[in-house]
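Going line by line, the protein sequences match chains A and B.
If you read the first sequence in the numbering used here, its first letter stands for residue 4, the second for the next number, and so on.
If you read the second sequence in the numbering used here, its first letter stands for residue 412, the second for the next number, and so on.
I should point out that these hints are in silico values taken from the structure, not numbers from a laboratory.
Note that CB positions come from ideal geometry on N, CA and C, so glycine has one too.
Treat the hints with care, as some may be off.
Each pair of labels, with its calculated beta carbon distance range [as the list claims (entries may be wrong)]:
#1 B:582 - A:107: 44 to 50 Å
#2 B:813 - A:261: 41 to 47 Å
#3 B:519 - A:85: 33 to 39 Å
#4 A:264 - B:754: 57 to 63 Å
#5 A:183 - B:723: 50 to 56 Å
#6 A:70 - B:582: 48 to 54 Å
To give an idea of the interface, some chain B residues facing chain A are shown, with a C-beta separation under 8 Å as derived from the structure [unchecked claim]:
#7 465
#8 598
#9 632
#10 663
#11 666
#12 670
#13 687
#14 723
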Amino acid sequence: MTTLILFNIFNGLIVGAFYALMALGLSLILNLSGVINFAHGGFLALGGYFAYELMRHGFDYWSALLIAPTLVAVLGLVVERLLIRRIYGRDPLYGLLLTFGLAFVLQDATRYFWTAQSVPYQIPGVLASPLSTQFFFLTGYRLFMIAIVAIAVIGLFLILNRTRLGMRIRAGTLDLDTVSALGVNVRLLRNVNFALGIFLAGLAGVLAAGMLGLQPTIGDSLIMPSFVAIIVGGLGSLPGTLLGGLLIGVASGITTVVFPSATEAVMYVMMGLVLLLRPRGLLGEEGRLQ
Amino acid sequence: MSMKPAFPSMRRRTLLQGIAAIGALQVASPFIIKARADDPIKFGFCDPLTGTYAALGKNEQLGAEYAIDEINAKGGILGRQAQMLVEDSTSGDVGTAVQKTRKLIEKDNCDFILGNVNSAMALALGQTTNELKKLLIVTGGHTDAVTGKDCHWNVFRVCNTTAMETGAIASSLVKNIGKKWYYITADYAFGHTLQSGFENAAGKLGGEKLGADLTPLGTTDFSSYLIKAQAASPDVVIFNLAGDDMVNALKQAVQFGLNSKFALAGAQQELEALEGLPPEARIGSWVVEWYWRQDGVAHLDDFVAGIKKKTGKVPTARTWFGYVAAWTCALAANQEKTLDAIKLAKALEGFKLPPEVALMPNEPTYAAENHQLVGSLFVGEAQASGAVDEDLFKVKEVVAGKNVAPPAGSSGCTLSWPA
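Bound conformation, chain A alone:
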């Protein structure tokens, strides 16, 4: 039993890291632009499908891993420029409605181009098998995923903390009006920030498609844990989002051992508890959640 719980805790950390990757993109957009991007799952699916198409057209997995999220990010730039920009500063309901609709559009588009059926998405043979017989859930691919998540998280934190762009994003998160008054092109800043968030969604899509079936709904079931991760971790806090992702992954893993049919429900229970006991989230800033 102890081994089983330990296995599931470790496995939960792997799954949670993946939730965190998606949640970080969502969090970036939410923090700077105030938009809750319900279409994030749609961009995630596109990341997977772009990679699938690239590999079908002769690109190897490693190139697809870079190119597909970049293509999705470019699409994100366009979507922000044409649609999202129009709802900045308005009631959050506008953003919810717009991105909710966009999620359906993206899902139907993927269904139109690639059908509703899963497509056979292959990962490199070198990553395809478990590293040890006993710890069979530690496959090359899952460790590779963790490495990519770690690189993405470190890269994101370096961008935010060591670059002028990151400094502006962080400043904008706190007080966008002042940043604008200081001469920063806020429109461009939000545009780039949105694309960065979407890049992370695309990257999550390429990674998820190697582990799950690639179908138009792949993002649907991943987006809710990501929102929960943000709320549990705390709005406005990227480290909090990371922590939230890991916590819900572990909680789901442990619940499987004792009460398997509640593995999904447990994260909502966690969210409820956090909202009751510490409404700003574990590492969130006071006043962000109103």
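Take the given structure of chain A and dock chain B to it, following the hints.
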């Protein structure tokens, strides 16, 4: 505050005269009656076109549409053309499925209803169509109750019951693989009855249940369930899943290398799922309910070629379900020369599908007792690739449905006919 009439310029007398004139036209004018006779016969199709079961629902739609084309090419139904109205039931929202079915019947005046992949929805559609007295052909909801304790006089089912599916493969698993089984089961009607079917079969064959996990519909990460299953050291892990859940679970099991530790199996596999898996994950022992490669089956090649011409892909069991469902209604209506649901239901009891629709051995027939189509089940193994493209299943045994159907009188179905 004064209330203004909605149409201030229209006098009450004018309105009454207009209504009377329209009423008179309905009775007096022969061309309106003729127009009604020319109205198409409507099939209402309510199946998942989005969500986990979208691929399965779309293939059922494709099969039904193909049948409608054939029906029209052969003179239609009662001399009228057939038409199909399609509604997305969603994959999991039973309320939506019921609402869409009501709309198909009450607003669109559909004569027949076809659907649904989701077992819970199939049950709900059965109740709704029973209340509205329309014929329902359940295409692909497998839970036993549809033609068991929740059967209705107006409901007929093309796909097999879960008990028939488990009965078809259980003895082969015990004989060829082992008796210690672990279940990973979708947490709703379909999964529950599949598991209970296996448990009943295992009870008779000396099988042992080492454990079972219920997984929510739409689960993506099966790793924690697989960790539990592995810890129990079973001979076989049985996946009572469908749609995208099956793809996710199998893909992860194979990535973990679990297929080298125990056998993977289940009572229901779909070509849609096998096509969505990478070749190395196309493994395991399964039942498919219809397969596009069979020896010596009349008209099969024409059907496969026709679907392939239309879609570029071979038909799946789901395509066949939709095809049979639509043809069932047309054949009964043309035979009885009526659209009356009660007369058609009576005619379908013991109705044998003609070879050009049956497309399988063992003369598929709707059982009079519970309205379940009893034909053949195909037991075999998934394969990475076959002799030809899309040949992803190796049929090892064709099991006659009548050998695995519950004995007469034990289905739990009591049909109650309207007075």
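Hint check against the structure, violated hint numbers in rising order: Numbers 4, 12, 14 - these are the hints that the structure violates, sorted from lowest upward.
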